[in-house]
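Engineer: Build out the structure end to end from the sequences listed, making use of the hints.
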Amino acid sequence: MKRVKIVGAGLAGSEAAWQLARLGIPVELIDIKPGKMTPAHKKPYPAELVCSNSFKSDDPQTASGLLKREMRQLDSIILAAADQTRVPAGSALAVDRDAFARTVGVMLEATKLIKYTEREICSLEVEPDTVLLLATGPLTTEKLMSAMSKEWGELLHFFDAAAPIVSFDSLDSSNYFTASRYGKGSADYLNCPLDQKTYLKFRKALIEADKVAIREFDRKVFQHCQPIEILAEKGEDTMRFGPLKPVGLTDPRTGKQPYAVLQLRREQTTGEMYNLVGCQTRMTFTAQREVFGIIPALRQAEYLRYGVMHRNHYVKGPEVLDTGNQTKTRHNLFLAGQITGVEGYMESAASGLITGRLIALIAAGYPADRIGEIVLPSTTMMGALSAYVLSTDSKDFQPMNANFGIIQYDSELITARRKQERRAQLVSASDLHLASWRERYQKLCNEYGIRYENSGL
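Residue numbers for the sequence shown follow our numbering, so the first one is 1 and each next one is one higher.
Source of the hints: derived by calculation from the structure; they are not laboratory data. Just to be clear, a hint being listed does not mean it is correct.
When the alpha-carbon atoms are kept at most 30 Å apart in a straight line, the in silico DSS-like pairs for lysine-lysine are as follows [said to hold, decoys possible]: (1) K115 x K443; (2) K328 x K115; (3) K256 x K197; (4) K197 x K112; (5) K328 x K2; (6) K43 x K143.
Label-pair restraints from in silico Cβ distances [as the list claims (entries may be wrong)]: (7) D396 x V106: 28 to 34 Å; (8) R417 x E142: 35 to 41 Å; (9) S428 x K150: 45 to 51 Å; (10) Q425 x K150: 45 to 51 Å; (11) Q425 x A187: 27 to 33 Å; (12) R417 x R451: 42 to 48 Å.
We treat Cβ as the ideally placed atom computed from N, Cα and C, and that holds for glycine.
Structural biologist: Written as structure tokens, this is what we have:
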């Protein structure tokens, strides 16, 4: 039996440790807390929530709800603790954050197979008889970040921003046109023209919109990456000579160059997700809907991911990671959580969950080079998130949260045209494919002597 060490007791690390312990695999869970804290962490507990206390919708016909549904079927500690400590929040799953973190800690300790060690890990060295999982999140310590930089070079993004992503189906096709600037190449962009009146209204709304408060340790971000609302403040025409420049584009409705143009770029090959080019922002989510909704093509837009502006350490998954979140440089070194390029509480926990499951097999003797044979299918939300991190074709790799744009459709099961009916079919397809995966996983557990039958799974 190989030894397993997990660095980072956040959502991903706690979930991975739980999964391993429930399968009878001893784990050393290592964290700098409580002796040392990051700028965002204040409590001594594992799985501390440093931002919102909401885990988003619990409705399985939403992307975040489907992710939770899958995780519950795989015995998630994060959801078990959340269900025990939830507070009224409509259809959303929100928790008492301190009670939630304390509950996770109690549950981890009760397994008797998780040894908590308080120390800082500063290197990526792994003993041959050990599997190491790094789940250190976006606030990885500087010393460990330095070691990761030496291992993967410029593949690490230290400070970054993400613009909103919207659903293609929700756009008003009468208010955009397809074209590439100056007609070069194929018409890959959706161009949303703005007349002068709309542009000035949009600029005014950007300046006046509610913004997310910036933590002191994040101020360095803005020296290198300007949110669109900062550009709006700099001058009336700054955006028109920047991300909203109209040059090289002709509106086919008028035959003229628009006053300004917001471009939408396809986020992945299927064309169901589009990125608002140059619109990185720190506006609140509500403000983003209101302000970007001024643009005619986006009035009814469905946001698959809101724009965020914050300190966020993560690796460029397609270049650093192999199947199962193994690193390409070492098959006994894994990553999980936000450090891999998933975005969000549940997404991080889900990453830790499936990575913990895969590590359990390797610890029991399953060949590390065959881990790709048992990854979750992309027809599940968990599998789709993993696949995005590993294989997205986007040149500008950005963190991703759960959404229906990344999930692979089973054409035999997904036949409905109406949105709600399709969502219901997606849930059913996820259940079916997850059940099939669980059956295969159980057989491997039996083959390698893992006590699956006693794990409560």
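Engineer: Taking the hints in turn, state whether each one holds.
Structural biologist: Status of the hints after comparison with the structure:
1. K115 x K443: Holds, at roughly 28 Å.
2. K328 x K115: 28 Å, holds
3. K256 x K197: Holds - the C-alpha atoms of K197 and K256 are around 17 Å apart, at most 30 Å.
4. K197 x K112: 65 Å, violated
5. K328 x K2: 20 Å, holds
6. K43 x K143: 22 Å, holds
7. D396 x V106: 28 to 34 Å: 42 Å, violated
8. R417 x E142: 35 to 41 Å: At 52 Å between Cβs, range violated.
9. S428 x K150: 45 to 51 Å: 47 Å, holds
10. Q425 x K150: 45 to 51 Å: 47 Å, holds
11. Q425 x A187: 27 to 33 Å: Since the Cβ atoms of Q425 and A187 sit about 32 Å apart, the hinted range of 27 to 33 Å holds.
12. R417 x R451: 42 to 48 Å: With a Cβ separation near 46 Å, R417 and R451 satisfy 42 to 48 Å, so the hint holds.
Checked against the numbered hints above, the structure violates hints 4, 7 and 8; every other hint is satisfied.
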